[in-house]
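Listed below, chain by chain, are the residues.
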Amino acid sequence: MYKIIKKQNIGENMALFEVEAPKIANKAQAGQFVIVRIAEKGERIPLTIADYDREKGTITIIFQEVGCTTKKMRLLEEGQSILDLVGPLGQPTELENYGTVVCIGGGVGIAPIYPIARALKEAGNKVISIIGARNKNLLFWEDKMRAVSDELFITTDDGSVGQKGLVTDVLKQLMEKEKIDRVWAIGPMIMMKFVCLTTKPANIKTIVSLNPIMVDGTGMCGACRVQVGDETKFACVDGPEFDGHLVDFDLAMRRLAYYKDEEKRALAQLECQGGGCGCH
Amino acid sequence: MSLKIPRNPMPAQDAKERIRNFQEVALGYDEETVVLEAQRCLQCKKPLCMQGCPVEVDIPDFIAEVKNRNYQKAAEIIKTKNSLPAVCGRVCPQENQCEKYCILGIKYEPVAIGRIERFVADWQAEHGQTDENINVTPTGKRVAVVGAGPAGLTCAGDLAKLGHEVTVFEALHVPGGVLMYGIPEFRLPKKVVQREIEYIKKLGVKFETNSVIGKIHTVDELLEEQGFDAVFLGTGAGLPYFMQIPGENLNGVYSANEFLTRTNLMGAYDFPITDTPIKVGKRVAVIGAGNVAMDAARTALRLGAEESYIVYRRSREEMPARHEEVEHAEEEGVKFLLLTSPVEFKGNENGNITSIVCIRYELGEPDASGRRRPVPIPGSEFEMEIDNVVMAIGQGPNPLVTSSTPGLELTKKGNIVADEETGVTSKKGVFAGGDIVTGAATVILAMGAGKKAARAIHRYLTE
Chain L
0 MYKIIKKQNI
10 GENMALFEVE
20 APKIANKAQA
30 GQFVIVRIAE
40 KGERIPLTIA
50 DYDREKGTIT
60 IIFQEVGCTT
70 KKMRLLEEGQ
80 SILDLVGPLG
90 QPTELENYGT
100 VVCIGGGVGI
110 APIYPIARAL
120 KEAGNKVISI
130 IGARNKNLLF
140 WEDKMRAVSD
150 ELFITTDDGS
160 VGQKGLVTDV
170 LKQLMEKEKI
180 DRVWAIGPMI
190 MMKFVCLTTK
200 PANIKTIVSL
210 NPIMVDGTGM
220 CGACRVQVGD
230 ETKFACVDGP
240 EFDGHLVDFD
250 LAMRRLAYYK
260 DEEKRALAQL
270 ECQGGGCGCH
Chain Z
0 MSLKIPRNPM
10 PAQDAKERIR
20 NFQEVALGYD
30 EETVVLEAQR
40 CLQCKKPLCM
50 QGCPVEVDIP
60 DFIAEVKNRN
70 YQKAAEIIKT
80 KNSLPAVCGR
90 VCPQENQCEK
100 YCILGIKYEP
110 VAIGRIERFV
120 ADWQAEHGQT
130 DENINVTPTG
140 KRVAVVGAGP
150 AGLTCAGDLA
160 KLGHEVTVFE
170 ALHVPGGVLM
180 YGIPEFRLPK
190 KVVQREIEYI
200 KKLGVKFETN
210 SVIGKIHTVD
220 ELLEEQGFDA
230 VFLGTGAGLP
240 YFMQIPGENL
250 NGVYSANEFL
260 TRTNLMGAYD
270 FPITDTPIKV
280 GKRVAVIGAG
290 NVAMDAARTA
300 LRLGAEESYI
310 VYRRSREEMP
320 ARHEEVEHAE
330 EEGVKFLLLT
340 SPVEFKGNEN
350 GNITSIVCIR
360 YELGEPDASG
370 RRRPVPIPGS
380 EFEMEIDNVV
390 MAIGQGPNPL
400 VTSSTPGLEL
410 TKKGNIVADE
420 ETGVTSKKGV
430 FAGGDIVTGA
440 ATVILAMGAG
450 KKAARAIHRY
460 LTE
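Taken in order, these protein sequences are the chains called L and Z.
Residue numbering for the first sequence follows numbering that gives the first Met the number 0, starting at 0 and increasing by one per position.
Residue numbering for the second sequence follows numbering that gives the first Met the number 0, starting at 0 and increasing by one per position.
Source of the hints: derived by calculation from the structure; they are not laboratory data.
Note that the structure is a prediction, hence the values are computed from the model and not measured.
Certain hints may be false.
To be verified - Derived lysine-lysine pairs resembling DSSO-like cross-links, with alpha carbons at most 27 Å apart:
#1 K263/L with K281/Z
#2 K26/L with K205/Z
#3 K6/L with K55/L
#4 K2/L with K200/Z
#5 K140/Z with K192/L
#6 K22/L with K5/L
#7 K205/Z with K22/L
#8 K22/L with K140/Z
#9 K106/Z with K3/Z
Said to hold, decoys possible - Far from chain Z, by Cβ distances over 10 Å, these chain L residues were calculated:
#10 K40
#11 A118
#12 A146
#13 V214
#14 Q226
As the list claims (entries may be wrong) - Some chain Z residues close to chain L (C-beta under 7 Å, calculated; not the full set):
#15 A14
#16 K214
#17 I215
#18 L238
#19 M242
#20 E257
#21 T260
#22 D274
#23 T275
#24 G350
Even for Gly, the Cβ is constructed at its ideal location relative to N, Cα and C.
The whole structure should be built from the sequences, with the hints applied where relevant.
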């Protein structure tokens, strides 16, 4: 059992958990993820590690309600526990001093971009960060991102904070202004796709972190297959980070949508039972 | 007299009934049948059956106890050699092991050793008698076992019986490996597996689930920082193979590992009572003809498929599955498309698979494996509507542990090079056995390798 020592709700449908997991905290590196199973009969879902504290022995995960499991998960409170937590999984971010890097986090993707931006900063890069959300309420970790970035830009769809528009708008402006050596982009699949379409003509290497459907997270099931160039990769062991210019995002989006109907069914059942007591 | 008794058939759930449930197909002998079957044993002075048992069970001895209705004693005899008798009684290919050598088999049918073993194990579990003599003198030595599948469990159990302190590290949230995620409930009930694991826990073995070695600790760290004196690697064949043909990444194309893991380990057949979904349409094609393929094809029927096909590029004779599994699949209505293999999968605008294009084969000259090589017949392509494909063409070694262990010699395929008799690897203090060494094989061979390695580890730690 892994105890939740801190919970913070973000906006209407996101939450942050700081969880006691000393062994995982001890080994976690930027770019890696964990698999979470909250209770018996629960699903195994991958979540990127947003932060870790080796001394305290905790890791931080931030998640958005997208289905039944994350909805139930958001009902957990401080002091309660997660049944199963496995990690750190996947390959860590390849850290080097690349020069000037841009770190883009969209929505819940701000969480995983943070440790990467921090590590890139520590590696000596000039870090320019762009974080975006639909509106002010859904934006988080502005302070933490600012602390690890040389420059920070904020965008919201409605302009309630920062620049009104998309992260790619700011990226285009930056690309005109200065030489960018590498870009990291984590967020909704569609955002990552458009970041890659923006950087590709300028040939700026762009790393994305994929979060496909997984079961075991150790290379055993192949549910997380992604097409990268002419190769099929397993996001759980070969990734989760890949060269975004080679990723087939359309395929990845279609694979992510495969269980949409089942998710609806599970959610409907959860709703009719009074909002996720989990006792069905 | 014993020669006059015919081999007793295994009672089974009716095929029409069982394809609508996940309950066990083979129902097990009752007491009268098991005693009758035990009476068939000739009690050979030099029992040949034992040479066919990878874990060296004293077969005639336990059968003699069954004949006298001393089931507890029979269980104790089995368990001195085999920590997982209820599993072995169900999933061992006895026809290629002990029963193959049974002298009765020359003129008549061999004694149903596996079925008797299963009865004994189940009897002991139901009657709640624990085994004696599991208190041993601790040696003070600590062994880490990586992987809680058949090889790891056997190795751990045997080492504990020898007085060593054993911790088993398991990547998934429950121990059991392929016994939990792979072999279906209707062939090996999960509560039977957990019961055997409880026995191993009683021997003093500790289990650390959710622990991926190579990530949370490396093998070197286990030896140098975590205070283990030896490590056994039994990580299995966990990496699914695909065919690398067009359309393989369409939705609805599962690896057998994923299909079976969702169903068995995650309980997707109970969705939405469980949270893990699985999608099975009307027509399912399973590619391959091994035991895993049979499991997948039969699982598909139970998940609601109207038609379930085995698609295999060789002929019936070359099918690697156990005869009994093929028979069960046929009884249940699985259809066999032999000398056929897919060349492409086609899908719709949502990226869901809708059909497979296959080509027909004929058998040519024998290949390196001694089996006649399948040769594609030009122009024989045909297309069939399919809602799901399950790829069951084999699994390779998972590199998570091996790639993080410097000094460990591997084969070209990525399997660990280890001595067949001892499990000794190129790295001091590190032993290996089971599918990670041999490539995908059977539960009992992995158990045999775990047993031999336990013996070698004991020598390494005490000499």
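Numbers of unmet hints, in rising order: Of the numbered hints, 5, 10, 13, 14, 15 and 19 do not hold.
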